[in-house]
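Enquirer: Since the structure of chain C is already known, use the hints to place chain S on it.
Protein chains: 2
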Amino acid sequence: MADQLQLYSYWRSSAAFRVRIGLNLKGLVYETVPVHLLRDGGEQHADDYRELNPQELVPVLKHGERVLRQSVAILEYLDETWPTPPLLPVSGRDRQRVRALAQAVACDIHPLNNLRVLQYFDRTWNVPQPERDEWVRHWIVEGFSAIEATLNDHPATGVFCEGDIPGLADCCLIPQVYNARRFAVDMRQFPTIARIERACLALPAFDAARPEMQPDAPPAN
Amino acid sequence: MADQLQLYSYWRSSAAFRVRIGLNLKGLVYETVPVHLLRDGGEQHADDYRELNPQELVPVLKHGERVLRQSVAILEYLDETWPTPPLLPVSGRDRQRVRALAQAVACDIHPLNNLRVLQYFDRTWNVPQPERDEWVRHWIVEGFSAIEATLNDHPATGVFCEGDIPGLADCCLIPQVYNARRFAVDMRQFPTIARIERACLALPAFDAARPEMQPDAPPAN
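Line by line, the protein sequences are chains C and S.
Residue 146 in UniProt numbering is what sits at position 146 of the first sequence, and the numbering runs on without skipping anything.
Residue 88 in UniProt numbering is what sits at position 88 of the second sequence, and the numbering runs on without skipping anything.
Okay, chain C solo, but in the shape it has when bound (with noise of 0.2 Å):
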């Protein structure tokens, strides 16, 4: 069909879970294309998966025949064919802080602890796993503690990120909150960011993108 959605995913992937969530609020139906990323070497690396994306990265969405890549330029695309519910406010003002929230994490955190970078550190340069992980807590603490301020900070910050309708904003924090905690860092110093992933995490959107309900996530995880 022309319009189907496919989404190349891995469970536990954050930037297949941030457009998980999109796909979710604006109530589209998809078909998740599970990308082991850790079986086989990573299926991330095969000819076929490298075909549909050079970068060798998750995720991928297909939109009937277009390929689409790199996932906040996957959630602005969904805004502009599915306009509604948005995931931007209106001005020009407050567009740009959702996006600089957005981009807080999907630039300034999350690219520097993907499974590629601590692989990196693993195999090229023979890092510790205690000190990886120290490196995973510093950049999601440094992140993290900006973002809570800018959050604190600003009147327009409501029950999300931005007023009171989830957004872009939060599409993207919510998959890295799931990662703070995976990687034991403690969120009671970022009360305000902690409020918001449970004021998300009791919509069915977000909760139904969790890593754990998806079909390719281990049974008992």
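Just so you know, not all the hints are guaranteed correct.
Copies of the same chain look alike in the list, so a pair counts if it works inside one copy or between any two.
[Unchecked claim] As a list, the in silico EDC-like pairs of lysine to aspartate or glutamate whose alpha-carbon atoms are at most 20 Å apart:
id : residue 1 : residue 2
1  : 62        : 216
2  : 26        : 142
3  : 62        : 80
4  : 62        : 31
5  : 62        : 94
6  : 26        : 79
7  : 62        : 153
8  : 26        : 80
It is worth saying that the hints were derived from the structure and are not from the lab.
Expert: Then chain S, alone, in the frame of chain C:
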């Protein structure tokens, strides 16, 4: 003045370079406020700058009283506020492609190689300079290989990343090529990227945004 533009910038910052290109492409006059990333332990960590940006990163663009953070979000703001000439194409499909190319740089290359990361390696892990430089080159080559394939693979690639008008993807790509050359990456591996770089630097908007042209660049660089 209400509409005055002030760019908090460091001459060699890749993210500030992106915004300078965007401002120049839009024909906007702005004042450069230098933030020296190395002097006095880094002016981006000073109290007054942290108030502007809790992330302690450049750039920040002030538009009147508005404080705008995150380079790609700033470029989107410029495009929404001053739509001509456009930084993004018209159709949803094309906009997605351009944003994905921009984010392939802004999310997956540059954050791994910026100053604070290299300082972490030096100060926390004592990684020697040659290995740090090798790390920088590794992620540039990974990222550029994928971008080169994406550009070669698509009929929308023109004189610039998308057609014959420079846009958001070029704003991100050209500063990254500058970094690549600085770290002695052999750009002959990436002929399409190198060709687009030549086309861009022939334009005054890109030329005037180059690090060496900035008021805070050291004289004999």
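Enquirer: Does each hint hold? Answer for all of them.
Expert: Cross-check of the supplied hints:
no., hint, in the structure
1, 62 <-> 216, "within (18 Å within a copy, 45 Å between copies)"
2, 26 <-> 142, "neither (31 Å within a copy, 33 Å between copies)"
3, 62 <-> 80, "within (16 Å within a copy, 27 Å between copies)"
4, 62 <-> 31, "within (10 Å within a copy, 43 Å between copies)"
5, 62 <-> 94, "between (29 Å within a copy, 14 Å between copies)"
6, 26 <-> 79, "within (8 Å within a copy, 25 Å between copies)"
7, 62 <-> 153, "between (38 Å within a copy, 17 Å between copies)"
8, 26 <-> 80, "within (11 Å within a copy, 23 Å between copies)"
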